[in-house]
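Student: Counting with the UniProt record's numbering, you get residues 1 to 300 for the letters of the sequence shown.
What the hints contain is simulated information worked out from the structure, not anything from laboratory work.
Take the hints with a grain of salt, since some may be wrong.
Lysine-lysine pairs mimicking BS3-like chemistry, simulated, CA-CA at most 27 Å apart [to be verified]:
hint : residue 1 : residue 2
1    : K132      : K78
2    : K78       : K235
3    : K132      : K159
4    : K159      : K235
5    : K78       : K159
6    : K105      : K197
7    : K62       : K235
8    : K132      : K235
9    : K78       : K62
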Amino acid sequence: MASSAARRGSAGDFLRDALPKIVLSPSLAMVLIFVYGFIAFTVYLSFTDSRILPSYDLVGWKNYINLFRLRAWTIAVKNVVIFGGLYITFCCAIGLMLAIFLDQKIRAEGFIRSIYLYPMALSFIVTGTAWKWFLDPGIGLEAVMHSWGWTSFQFNWIKSNQMAIYTIVIAAVWQTSGFVMAMFLAGLRGIDNEVLKAAQIDGASNFSLYRRIVIPQLRPAFMSAIVVLAHMAIKSYDLVIALTGGGPGRATELPATFMYSYTFTRNQMGIGAASAVIMLMSIAAIMVPYLWSELREKHQ
1 MASSAARRGS AGDFLRDALP KIVLSPSLAM VLIFVYGFIA FTVYLSFTDS RILPSYDLVG
61 WKNYINLFRL RAWTIAVKNV VIFGGLYITF CCAIGLMLAI FLDQKIRAEG FIRSIYLYPM
121 ALSFIVTGTA WKWFLDPGIG LEAVMHSWGW TSFQFNWIKS NQMAIYTIVI AAVWQTSGFV
181 MAMFLAGLRG IDNEVLKAAQ IDGASNFSLY RRIVIPQLRP AFMSAIVVLA HMAIKSYDLV
241 IALTGGGPGR ATELPATFMY SYTFTRNQMG IGAASAVIML MSIAAIMVPY LWSELREKHQ
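Turn these sequences into a full structure, and let the hints steer you where they fit.
Tutor: Have a look at this one:
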């Protein structure tokens with residue numbers, strides 16, 4: 001009797017230990033196949049002469065060499081550097097200012113915070129379409145100003161080869177600043193008030209308080225925000241397609257739009273796959289050091 005009870009107990013323990021693995025195994029298998037499997041397949045295609053359909057004839061580094069000779073790829077890389085730099089800078093600056101403002105225990109904080117966060121609930125397609133209407137000289141801000149009598153007002157950035165990339169920055173910053181604000185606000189609420197009170201008693205001004213104590217303690221929030229924003233900047237596609245379509249000309253071409261264009265419309269899948277691999281390596285170059293530093297701090 002005792003031995004049979006022990007066997008039942010061990011079987012029950014085994015089932016309890018195995019049940020989470022059994023439940024998670026289909027999801028794990030799907031992730032391995034449809035995420036990492038297709039990543040590996042894309043890397044393989046980048047070394048083949050694939051055109052409209054996958055090919056298995058290896059051509060070595062030819063696609064990568066041709067990729068960096070293309071003027072369109074050079075423009076896309078230049079644009080993503082401009083877009084990413086301004087996007088990260090303005091999102092962090094505006095997000096920090098909004099977080100400091102909300103941290104003052106103002107009235108209706110929850111309502112105001114919801115307003116700031118609302119744009120993040122919209123898809124980038126909706127944001128791009130709305131800003132396209134707003135910035136279009138024929139129906140947007142410029143047309144409204146002209147109807148009010150200010151006929152000398154001009155704001156045609158979306159039609160300009162030199163200024164169109166900045167309209168992408170404006171729309172992206174509008175959508176994401178509230179999210180960055182929430183990250184900074186969480187960091188501000190985690191700072192020990194006793195330290196701030198001690199600094200105030202010692203005569204520190206508000207500017208010195210934030211410059212020397214508050215902002216340095218927000219380093220983890222800054223790092224997280226920069227990593228998330230850089231990742232979003234590199235893979236930006238739907239906002240650009242909805243707002244400018246990559247134009248005028250190639251003025252707002254980004255690596256993601258380049259990859260789609262060369263893979264599915266120009267039928268140069270090998271070059272498209274090579275550009276996708278470069279994007280993946282760029283994201284990994286940002287994510288891996290960040291994750292490594294986070295894991296190292298936890299072990300210390």
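Student: All hints, please: hold or fail.
Tutor: Going through the hints against the structure:
1. K132 <-> K78: 23 Å, holds
2. K78 <-> K235: OK: K78 and K235 at ~14 Å, within 27 Å.
3. K132 <-> K159: 11 Å, holds
4. K159 <-> K235: 23 Å, holds
5. K78 <-> K159: With Cα atoms ~19 Å apart, K78 and K159 stay inside 27 Å; holds.
6. K105 <-> K197: 16 Å, holds
7. K62 <-> K235: 24 Å, holds
8. K132 <-> K235: 20 Å, holds
9. K78 <-> K62: 22 Å, holds
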